[in-house]
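So the protein sequences, as listed, match chains A and B.
Per full-length UniProt numbering, the very first residue in the first sequence carries number 1; after that it's consecutive.
Per full-length UniProt numbering, the very first residue in the second sequence carries number 1; after that it's consecutive.
Among these hints, one or two may not hold up.
[As the list claims (entries may be wrong)] Which stretches of chain B does chain A cover? Using the computed rule of at least three CB atoms under 8 angstroms from a CB of chain A, they are:
1) 147-154
2) 282-289
[What the hints assert, rightly or not] Coverage of chain A stretches by chain B, computed from C-beta distances (three or more under 8 angstroms per stretch; other residues unrestricted):
3) 49-63
4) 100-113
5) 267-279
[Stated by the list, open to error] Beyond 12 angstroms from chain B on every Cβ pair, some chain A residues (computed):
6) 120
7) 137
8) 138
9) 212
10) 239
11) 251
Just so you know, these hints were derived from the structure itself, not from any lab.
Only a predicted model underlies this, so the values are computations on that prediction, with no experimental measurement involved.
Glycine included, C-beta positions come from ideal geometry on N, C-alpha and C.
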Amino acid sequence: MQLFLQQLMDGIATGALYGAMALSIVLVYRASGIVNFAQGEMAMFAAFIAWQAYAWGVPLWLAIVIAMIIAFIGGALAERLLIRPFGTEKSGHLPLIIVTLGLMLMLNSGAAWIWGYLTKEVPPVYGSGGLSIAGASISRQGLGIILTVAVGAGLLFFLFQRTKLGLTMRAAASNPESARLSGVPVGRMLLFGWGLAAAVGALVGALVAPQLFLQPNMMASLLLYAFAAATLGGFDSPVGALVGGLVVGVSENLAGTYIPFIGNEFKQAVALVIIMAVLLLKPEGLFGAKTVTRV
Amino acid sequence: MSLDTDLKQDDTSGPGVESAAPRGGLRGRFKSLRVVQAPLDAPTWLRWSVFALVIVVAVAIPLNSPTYVNFDLSMVMIYAIVGMGLNLLTGFNGQISLGHSAFFATGAYIAAVLIKDGWQYLLVLPVALVVCFILGYLFGLPALRLRGLQLALVTLALAIITPALIKRLDGITKGQEGINIFLKDPPVWTGLATDQWVYLICLVAVVIAWIVTRRISTGRVGRSLIAIRDNELVSQTLGVRSSRTKTAIFALSAAYAGLAGVLYTYVVQFVGPDSFGIALAIAFISIVVVGGLGTVSGAIFGAFFIQYVPTWTASIGDSAAGFVYGFALVLFMFVMPFGIAGLVRAVLRPLVRRIPGRRSDLTQSAKTG
Chain A
1 MQLFLQQLMD GIATGALYGA MALSIVLVYR ASGIVNFAQG EMAMFAAFIA
51 WQAYAWGVPL WLAIVIAMII AFIGGALAER LLIRPFGTEK SGHLPLIIVT
101 LGLMLMLNSG AAWIWGYLTK EVPPVYGSGG LSIAGASISR QGLGIILTVA
151 VGAGLLFFLF QRTKLGLTMR AAASNPESAR LSGVPVGRML LFGWGLAAAV
201 GALVGALVAP QLFLQPNMMA SLLLYAFAAA TLGGFDSPVG ALVGGLVVGV
251 SENLAGTYIP FIGNEFKQAV ALVIIMAVLL LKPEGLFGAK TVTRV
Chain B
1 MSLDTDLKQD DTSGPGVESA APRGGLRGRF KSLRVVQAPL DAPTWLRWSV
51 FALVIVVAVA IPLNSPTYVN FDLSMVMIYA IVGMGLNLLT GFNGQISLGH
101 SAFFATGAYI AAVLIKDGWQ YLLVLPVALV VCFILGYLFG LPALRLRGLQ
151 LALVTLALAI ITPALIKRLD GITKGQEGIN IFLKDPPVWT GLATDQWVYL
201 ICLVAVVIAW IVTRRISTGR VGRSLIAIRD NELVSQTLGV RSSRTKTAIF
251 ALSAAYAGLA GVLYTYVVQF VGPDSFGIAL AIAFISIVVV GGLGTVSGAI
301 FGAFFIQYVP TWTASIGDSA AGFVYGFALV LFMFVMPFGI AGLVRAVLRP
351 LVRRIPGRRS DLTQSAKTG
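Build the full structure now, drawing on both the sequences and the hints.
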C-alpha cells in the first residue's frame, strides 16, 4: 500500500510536468492547428539559457524568468519566420511537420554545439530534501512542481476566460477568418500563442532539468509523454492536457512498478500504447471536440 | 520564354503558387523551384542509355576504389532504398512516417541474429522482407484511421521508443552491447573482396528497388496513391479503395526499410541500439525532402546528401551534421519544396525539350489543345 501511495505521488509530480508540457503543445495547436515537434527542444534550449544565466551568477528564480522571456520572444519569432509563411497554403500539414522537425534538429544540435553533451548540474528550484505525507515521502521539488503547475494553469485559465486578451485569442484560434473580419488582429494573437507556449515550455524545462540532468537529448522522452498527455486529453483542450498529463504520469509509474516486463527502463512504451489506444478508440481525446470533415 | 509556358502547364497542382507565372530572369527561375515539376519527358532511348550508363559506372567503381569509398557508396544505396520506400509513402501517398527507423532496425536485427545463428546470409533477406511487411501492415492498420498529424505523432513515438525496445529485448538483441557479425568470404570464382561483394549485392538490391518503385509510381497504383494524397474523399468517390491502398503502401515501405536494414548489417557488420534512434528517423525524412518529394530519383540524391554531409561537417564539430540536416529541412521547404530532383528537372527541361522523339510530341496537341 505504501509502495502504491509512493508511486502515485511520484506519478502526480512527474505527471504535472507532462501536463504542463502538453499544455504548451495544446496552446500552439489551438493557435496554429499544428503540432510543434520542436516544442521539447525549445524547452531544452530555454533550460540551457536559464542554466547559463545561473552559472553567470544570476539568482536561480531570476534566471528562469529571463529564460522564459527569451523563450517567449523565440517562440513568437519561430511563428513569424518559420510557420506563418506556410499558413495560408492548403497543401496540408506535411511542410509544417517537416519545418518543425527541422527546427527540432537545429535546436538540438545547436545546444550540443554551444554547451556540449556533458550533463550540467541544475539545482532544484525548491531546494532539496522532502516531507512525508501519509507514509509516502515527496521531495520539496516535487511538491513545488505540482504547486507551480497548478498556479500557472490557474493563471492561464484566468487569462483565457476572464480577460479581453484571452477572449481575442480564443476567437482567433477558433475561427481565424471571421475573427479577422471582426477586427481581431489574428496574426498578433498567433504570435502571442506561440510565445506563451514557449514560455510555459521554458518553465517546464527549468523545473525538470534537476531530475533529468540538463543535456541536449533530455527532452525526447518527456516530449513523448507530453504527446501522450495531449492526445489523451484532446489536442484542443488545455484542461484535457493537464488531466492527461496526470493520468499518463501516474499510469506510467504504476506500470513501471507493477508490470515486470515494462520495469523501469521501458516505461516509454506506456506512452506509445496510450497514444495508439486513444487515437484508435477516441481520436478526439477525452476533452476534445469532435471534428467533422466537409467537402 | 519556354520556361514560362512550361510553368503555366505545371501550375495546376503547385501548392501555394496560384497565378505566379514568373517573369523570367533570376527571380523567375528561383520561383520556379517552388512549383511542382512534372517528370522530364525524355525519349525512351535516352532513358535507357542513361540507365545503362549509370549501371556500368556503378559496377566499375568498386573494382578499383579503396574500401572506404565502397563502404560509403554502399551506405548511399542502402539509404536510397529506404528513401524510395518512404517516398512512395510520403511523397506519392501523402502519409508521413517518422518511424521507419524502427523497420530499418528490425531488418538489421533479424539479419544480425540469424547470421549469428549460422544462417546463410542471403537467406535472411526474404525473411526480413516478409517480417517487416507484416509488421508494417499491422502498424499501418491504424493508418486507415489516422491522418497527417496523428500518423506523424504515432510514428515519431515509435522512433523514440525503438532503442529502448531493443535494449529491453536484450535476451535476443544483446541489449546495449550490440551484435558483431562476420560475413563469409564471397564465392572464390568472383575474385572479389568482401566490401566489393557487399557493394554489388547492394547495387542489385537498389536496381530492383528502383524498377519496382518506378513500376508502382508510374502505373495504376501510383495514380491512386496520388489521388488519395490530393483528395482522399474524392478518390474514394471515384472508386479507389483508399484504406486498403494506404495500408498496403505503408507495409511495402516498411519492407523497403527492412531490406535496407539487412543490407546495413552486411555493410557495417555490427548492430547496436543507439544507431536506430530518432536521429536516424529524421535523417530518413531528410532523404525524401532534400531529394524531392514524389520523385523516384530523389531518393538517390537525398541518400548522397545524408551520407556525405556528416563527412563534410565533421571538421566543424560533432553536432554540425545534425544542424545542417535541420537547416536543410527548413531551407528546402522554403526554397525548393520539391528537392534536388525538382531542381534537376527545372534545369534540364529546356534541354530535354529540344530532343526529338519525346512521347508528348505525339500526345501534347490532344492534351493542351
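To see whether the hints hold, each was checked on the structure:
no. : hint    : result
1   : 147-154 : holds (count 6)
2   : 282-289 : holds (count 3)
3   : 49-63   : violated (count 0)
4   : 100-113 : holds (count 12)
5   : 267-279 : holds (count 7)
6   : 120     : 16 angstroms, holds
7   : 137     : 28 angstroms, holds
8   : 138     : 27 angstroms, holds
9   : 212     : 15 angstroms, holds
10  : 239     : 20 angstroms, holds
11  : 251     : 15 angstroms, holds
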